[in-house]
Amino acid sequence: AQSVTQLGSHVSVSEGALVLLRCNYSSSVPPYLFWYVQYPNQGLQLLLKYTTGATLVKGINGFEAEFKKSETSFHLTKPSAHMSDAAEYFCAVSDNFGNEKLTFGTGTRLTIIP
Amino acid sequence: KAGVTQTPRYLIKTRGQQVTLSCSPISGHRSVSWYQQTPGQGLQFLFEYFSETQRNKGNFPGRFSGRQFSNSRSEMNVSTLELGDSALYLCASSQNPPGTGGFEQFFGPGTRLTVL
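Heads up: the protein sequence lines correspond to chains A and B, in order.
Counting from 1, one number per residue, gives the positions in the first sequence under my numbering.
Counting from 1, one number per residue, gives the positions in the second sequence under my numbering.
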């Protein structure tokens, strides 16, 4: 079985500061890892994903994440927060057997302080 | 390309009724998945369809069912509604051919179901 743990249900950062959202996963097989963002009253939008290859993954809106197998982590970072980054962020895992099922973490609500 | 569309966007039902939600995937996508999002349980996988066949199913009671049509449009049905079924129901589509994985799932805006 797969699972995802997101540390911190709420994170607040000042505009221009570093954003760090934590995600740890558990999987018995090599995982595919995803970060999604959800704005109020909207669906989820993919920020970035890791499948194979380079462990540092760059996504949209200046976000990136690094897959660390030894730490079973896939933390999301952005060097400089912008007001428009305020949203809820979800880390998700799927297996690599062609299974579409995503197992999501509980989400982290990011607040940007002006 | 048009995105994933879901209808209706909002729905209010009473306990014991049944409801049908509709999802139209992105053109060319043959995989459609459904998720339930609630404040208490978060995002939970309901089921996935590919070429009219259910390929995977989450841990939900039999009151939750779905189907997919030959044009890849999908519907999900919830019978005998309970208060706890109040949630945002999200549909996602992807290209994901059999035997592959890691494709991006594109989510619709969801249908917000309120059960009174």
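One or more of the hints may lead you astray.
Stated by the list, open to error - Facing chain A, a subset of chain B residues (Cβ under 7 angstroms, in silico):
#1 Tyr10
#2 Ser33
#3 Gln41
#4 Gly42
#5 Leu43
#6 Glu82
#7 Leu90
#8 Asn96
#9 Gly102
#10 Phe107
#11 Gly108
#12 Gly110
It should be emphasised that the hints constitute simulated quantities derived from the structure, not laboratory data.
Cβ atoms here follow ideal geometry from the backbone N, Cα and C, with glycine treated the same way.
Each hint, compared with the structure:
Taking 7 angstroms as the C-beta contact cut-off toward chain A, the hint placing Tyr10/B at the interface is violated, the least distance being around 10 angstroms. Interface restraint check for Ser33/B: the shortest CB-CB distance to chain A comes to about 5 angstroms, inside 7 angstroms, so the restraint holds. A distance limit of 7 angstroms between C-beta atoms decides the matter here; for Gln41/B the minimum to chain A is near 9 angstroms, and the interface restraint is violated. Interface restraint check: Gly42/B against chain A, minimum CB-CB distance 5 angstroms, threshold 7 angstroms, status holds.
Annotation: Leu43/B was flagged as interfacial toward chain A, and the flag holds, the nearest CB pair being 4 angstroms apart, inside 7 angstroms. Given the 7 angstroms rule on beta carbons, the hint for Glu82/B is violated: about 23 angstroms separates it from the nearest Cβ of chain A. With a least beta-carbon distance of about 6 angstroms to chain A, the hint placing Leu90/B at the interface is held under the 7 angstroms criterion. Given the 7 angstroms rule on beta carbons, the hint for Asn96/B holds: about 6 angstroms separates it from the nearest Cβ of chain A.
With 7 angstroms as the threshold, the beta carbon of Gly102/B comes within range of chain A, its nearest partner Cβ sitting at about 4 angstroms, so the hint holds. The interface hint given for Phe107/B holds, since its Cβ lies 4 angstroms from the closest Cβ of chain A, which is under the 7 angstroms cut-off. The restraint placing Gly108/B at the interface with chain A holds, with a minimum CB-CB distance near 5 angstroms, inside the 7 angstroms limit. Taken as an interface hint, Gly110/B checks out: its beta carbon lies about 6 angstroms from the nearest beta carbon of chain A, inside 7 angstroms.
This entry does not satisfy hints 1, 3, 6, going by the numbered hints stated previously.
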